[in-house]
Each structure stands twice: as structure tokens, then as C-alpha cells.
Amino acid sequence: MTPFILRFAEPLAAGDPQGSCENSDLGQGFENPEERTSMSDKSTRFTMVKAETTDDA
Amino acid sequence: MMRKAVVLIVSTKVDAATDDVVQRLARQGIPHHRLNTEEYPFHRRITYNPSDSAAWLQCDDEPLMEPTSIWYRRMRIPSTPERMDEGVATFCRNETRATILGSIIGQEARWMSHPADVWAAEFKPYQLRLAASLGLRIPPTVITNDPAIIRARFRAFGSMVIKPTRSGHVVKDGADHAIYTSQLLESHLDELDSARWSPSIYQALIPKRYDVRVTFVGERCFAAAIDSQTDPAARIDWRQTDNPELPHHPIQLPGDLEAALHRLMRLLSLTFGAIDLVLTPSGEYVFLEVNPSGQWLWLDDMLHLGITDAVADWLTETSTL
Numbered sequence: 001m002t003p004f005i006l007r008f009a010e011p012l013a014a015g016d017p018q019g020s021c022e023n024s025d026l027g028q029g030f031e032n033p034e035e036r037t038s039m040s041d042k043s044t045r046f047t048m049v050k051a052e053t054t055d056d057a
Numbered sequence: 001m002m003r004k005a006v007v008l009i010v011s012t013k014v015d016a017a018t019d020d021v022v023q024r025l026a027r028q029g030i031p032h033h034r035l036n037t038e039e040y041p042f043h044r045r046i047t048y049n050p051s052d053s054a055a056w057l058q059c060d061d062e063p064l065m066e067p068t069s070i071w072y073r074r075m076r077i078p079s080t081p082e083r084m085d086e087g088v089a090t091f092c093r094n095e096t097r098a099t100i101l102g103s104i105i106g107q108e109a110r111w112m113s114h115p116a117d118v119w120a121a122e123f124k125p126y127q128l129r130l131a132a133s134l135g136l137r138i139p140p141t142v143i144t145n146d147p148a149i150i151r152a153r154f155r156a157f158g159s160m161v162i163k164p165t166r167s168g169h170v171v172k173d174g175a176d177h178a179i180y181t182s183q184l185l186e187s188h189l190d191e192l193d194s195a196r197w198s199p200s201i202y203q204a205l206i207p208k209r210y211d212v213r214v215t216f217v218g219e220r221c222f223a224a225a226i227d228s229q230t231d232p233a234a235r236i237d238w239r240q241t242d243n244p245e246l247p248h249h250p251i252q253l254p255g256d257l258e259a260a261l262h263r264l265m266r267l268l269s270l271t272f273g274a275i276d277l278v279l280t281p282s283g284e285y286v287f288l289e290v291n292p293s294g295q296w297l298w299l300d301d302m303l304h305l306g307i308t309d310a311v312a313d314w315l316t317e318t319s320t321l
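Line by line, the protein sequences are chains A and B. Just so you know, this note's numbering puts 16 at position 16 of the first sequence, and the rest follows in order with no gaps. Just so you know, this note's numbering puts 198 at position 198 of the second sequence, and the rest follows in order with no gaps.
In case anyone wonders, no lab produced these hints; they're calculated from the structure. Please note that the accuracy of each hint is not assured.
[Claimed, not checked] Derived CB-CB ranges, DEER-like:
1) Ser51/B / Leu6/A: 45 to 51 angstroms
2) Trp119/B / Thr2/A: 23 to 29 angstroms
3) Ala259/B / Thr2/A: 39 to 45 angstroms
4) Leu6/A / Ser79/B: 21 to 27 angstroms
5) Arg220/B / Thr2/A: 39 to 45 angstroms
[Claimed, not checked] Partial list, computed: chain B residues near chain A (C-beta under 8 angstroms):
6) Met75
7) Pro164
8) Ser167
9) His169
10) Val170
11) His177
12) Ala178
13) Ile179
14) Ser182
15) Leu192
16) Trp197
17) Ser198
18) Pro292
19) Ser293
20) Gly294
[Stated by the list, open to error] Counterexamples of contact, computed for chain B against chain A with all Cβ distances above 12 angstroms:
21) Met2
22) Ala5
23) Val6
24) Arg83
25) Val88
26) Gly106
27) Gln107
28) Leu130
29) Leu134
30) Gly135
31) Arg155
32) Ala156
33) Lys208
34) Arg220
35) Phe222
36) Leu279
Beta carbons are placed, not taken as given, at the ideal position from N, Cα and C, and that holds for glycine.
Just chain B, same shape as in the assembly (with noise of 0.2 angstroms):
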């Protein structure tokens, strides 16, 4: 028999797209129930019992049904209490961590996506060698704290763009900052011996008619070109710009590129994946990475792409339960 269809989301307070999936399964009366991770522990309680499947997880006094399904969207911290240690606290907040994937992770269920195949896809080294094994064309590229290696590839590359190897945040100097993918001029090459302190993903600057953003959601795949070129502040990393009138279309991928994305989402096991792609002025896509939780609402906003509505509906989906 056909199980109705019970949602869980484990996400952050702080996310547009999580809003959007709830208010839909909210007005389809879908029994869900959202897990704000930074609520954890230090403003809310959490109970699993691994051998009672009927009260799994409790969150606070409320006792969650098994779900037939769970998005894996995010999983934030909470900041630290008042007077609590900083090292106590980040105990308490690995603890917290290891309690919630614990509960989850073995749950049979449909998963966007299982956290296991989360934590592996966000390895952009990862993600290169396995599109480029697929055939994908990806942009010539070395990952290294080696100096003199990257002003070798300085030379031979012609242009050159650096790229964090899997986070885009970083708290320096007390505030939050984010890396983009920038472009290395020659006046940095004084520079590069602090290259050293930490690994990076240096790559060939492929010239751009347009960026690609193709967002998978189960076997359904929405593309989408962005007109990074009209705007110098998007030019090599579009999500620099702050424009949130940045022209974009719809487009049709080509059949066997639109296969070789699907290997690839295969591979790394993700039932959710956004993919950046750059269409170069000769016609030729070239991959650049796969985020296995990006983000989609600004295309919806933009093109009507239906893609929460996707999400919804493959979150309800139980025929192969």
C-alpha cells in the first residue's frame, strides 16, 4: 500500500527556498515538519530513540512522524552563549551535529539529497575529475599551494581565475566574508607566495557568451542562461553583482550534454544538484561546478521556471517507497 507522503526538512531559519517548499506543502496539507538546525541545542531539545520508530525524533515535545522523505538543505550553527566557552561550545555544537545526521542518516527514505553524498559532491576537486571523466569539457586547472606552479600555469593559462576548493564563506577579521571566483592579474604574482598557507582551484579564464545555471531536481532539469557579460561587476563570477535585474532566458541544452549532467548527478547520488556551465563565443559548454544546495528562487522570480514547485512535488512523490 502506498504510504502518504511525510516531509522532513532539515534546514535553517535563514533560507528563502526552505519558505517557499513549506508554504507549498503547507497548502497541499502535507504533513512536514522543519528542523531549523541553528535552533540546536542551545534553543531547543532534540530526542532520538533508535529503537522506537513510532517516536524516532522528538523536537522539543513534539514527536516526528517517520517521513517518507527528507531534504537535506542545510545545516547552520548557532552562535555561541553567553559566558559559555568558546571550545565548550563548539563540543556542544559537534555533538549537536553528530545527534541530528545520527538520527537521519539511516532513515529509509527518499532523499534530497542522502548527507553522505552531500558532504562528497561539495568537493569541487571531486567534481572535476568526475565531469571530465564523463567527457564534459572542464576549464584547464590545477588545485595547489604550490607558488611557483601557479605562476608556471600564470603563463600557459594566458588568463587565469582562482576558486575556494569547497567553501565560498569565511569569518575574517570578526565579520562574514565571501570568495568569489576572481581573476588573477599579473600585478598579484608579488603576491602569490601566500598561496602556500592554503590550497586553491587555479583556472584557465574561459571567455564567456553567456553563463548556464541548470538546476536538476530528480530527472527534471530546468537551464538557464545568464547574461553575465552585460554587467562588468558579473563578469567572471556572476553572483558578485548585486543587479538583481541581470537579463536571463531559458534555454534548451543541447541532448548529450543534457545526458552527460545526468551521469553526473547519478554519480555523485544527488537528486539535487545546481550546475554552472559557461557558454563560450565559439558555442562550446564547459563545466565549472555542482552545487548539491543551491539556490533557484531568483530564477523562478526571473523566468517562471516552476522549480519549487519541482521540489515540492518530488518531496511528496511515494510511489517507489
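For reference, chain A alone in the conformation it holds in the complex (with noise of 0.2 angstroms):
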């Protein structure tokens, strides 16, 4: 009963910033943002176009 559609899905790599953020091991525990520094390599800020969307809901 699997749609079509989901046979081209593909398994994100732990981190890639997609579904809830709390099973993601970036973004944990930054009470300031403005000292996040975890996302400022150029490799994670280009897999960041794999979450594009608004709501998740």
C-alpha cells in the first residue's frame, strides 16, 4: 500500500535539516542565536535546499 511516488524517496542523511527538528542533531541547545556557529560550513548550507518547505504540518 505504498504509493508510486515514494519509491524515488531517499533516506536523509542524519543532520539534514528535514521533519522534526528535535531528531535532528543540529540546532540543539542554543539559548542565543546569535552564537550559532554549527551550520556555517558551505557543505551544510548547500544540503540545506533539501527543506524548502514552510509547514510540516
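Using the hints, build the complex out of the two chains.
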């Protein structure tokens, strides 16, 4: 009972910025967002394009 | 009298674009509040006072100033707390979404962009119809869950791709998955009966000289070519490659195309949008989709387009209030 389109679904690597944020390794515990640096490397910033939907509801 | 800028950002802890804009605002001394939506309701408290504009919204014990601009960037949900029933958690999350959105949607502010407009604009079938009505070329398209129609179009289109109508994300077998635009091959046709479980977008595969990403910030337009055909993993959907060195270069769009895209943004009431186009080998631009909350940081990294600065500038503008 899996729709055809999901045969093309690909697992996101750990830390890819999609889905429930609390399941991600990124963005944990930054009380002061101005000090965040965890996503500053270019590779991560490029893979952010995998997460472009506004609302995951 | 012109008001001093106050910015409210509705986002998530996991968004580097938000990080960069917040850093710009902090450096400029612009009062701002970042509301990370996944923190509510299980980790933080939120209070809305509908009849008290001075203390309209409070996050934990922090009262928020009324914003001059609201950046509706992301709405993300928290995971279910231990020992909480899943159905109960869903109820709590839905009530929280209603509280956050219900609190902000009536605010008189500059919006990037209003949630109602973002909600409508994220329906790709709607985007395609509007784009075609403006004279933009779109790929031959059918959106259906009818296997017979898909088979017939597969023959008619010659080459075909499939993509979701709205969400490129699915939790499958307990794990997060991305759904990229993918090419249908003859060998897939035997599996098409399962297409009836979910409609999808089926389009003719458009031959590419390169992909184009156009980012609109207010009236400003930033266009970049993505040389996707040099990387086998990026040929159908450039997001599929993990190669951060995929070649890009800035481009100038033809004036009539840029004007049509501006009209599309206005029709969708979007003040931000990341538009995907294809430039064909014969020099024709084809519209694929618009992402109302799309990413851009890698474009600034590679091409120094200044999109982050443009977003921060737009959010701090108060002259039109």
C-alpha cells in the first residue's frame, strides 16, 4: 500500500535539516541564536536546499 | 512619524538562513525576537493577549514588542514527549499551531510572507496554473492518481519526471526521507498501479542547458545559473547532489521574463520566493516551481549575491507602514 512516488524517496542523512527538528543533531540547545555556528560550513549550507517547505503539518 | 523597526521571526532552531539574518539584525541593533516553533508547547510557554497591544504576545516571561515586520519562515513541530499518548500530542501540537498562527495573522505589519499566502502558494498545481496564465512556459503536465493516464502521458511526453504536489518530505519506516524530482523509466511502468494511492505531478522532462534559481526579496531579483548537467547526480534534480562545488554563476534574466515572475510573485502575494526555472538548449526558459520559504545561503556563499542582506534590509524597512 505504498504510493508509487515513494519508490523514489531517499533517506536523509543524519543531520539533514528536514522533519522533526528534535530528531536532528543540528540546532540543539542554542539559547542565544546569535552565537550559533553549527551550520556555518558550506556543505551544510548547500544541503539546506533539501528543506524548503514552510510548514510540516 | 516613522516607527522604529521591530522584527518578529517565526522559524525553527534548524535554519541557517534564520541564523544569518538574526546575526545581521543583531549587528545593526534592530530589536527582534526569534520564535522557534518546535519549542512550543512542550519546552516553552506562550501567552497571547488579544486586547492588549502592549503585551500582545509573551514567550515564557518575555513580552514581545509589536513588530513592524514579521518573517514567517518555518513552522516545525516538536516530537512527542515520553509517556504522552501520540493522539494527545497531536492535539497539543495542533492547538499550539492555532495559537501561534492565530496570534500573528492579524498583526498589521510588513509580512514576509503572510501565512495564508504562503499556504496557498505552496500548492504546486496552483503555481503552475498561475504561471501558465501569465504566459510563462511550463512543462507539459498532468497531476493524477490514475495509472492509465500516467501510462498514456508517458508515451506522449517521450521522457517523464514525477514530483510531489506539495511536500518533498516523508517519514517512511520511521525515518525521514526526501522526495526529489525523479525520472520515470520504462521499467517503472509495471509498478504504476500503486500510483492510485497518491496523486503526483507528472511532467515532460525538459532538456536543460542549466537550471536557474531566481530569488525574489521584495522588488529585488537575484538570478543564478546552476550548471546541473555537469554532475550526473544533479541532472534531473540538482538538490540531489551533495557536491557543494557544483558550478554556479550569476545571470541576468530577459526583461520580459523577470517582469512575468514579478507579476507571479504579486499574484501569490509573496514578498519572498525562490523560483526554479530551466534554460533549455534552445534558449527558452521554463517555469518549474516557486518555494515561498526557499533557501539561498549557498548562493550568497558562492556568488556573493547579497540575498541575506536584502532580507534583513526588507525586514527593517518601515517607510511603508
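Violated constraints from the hint list, given by number and in increasing order: none
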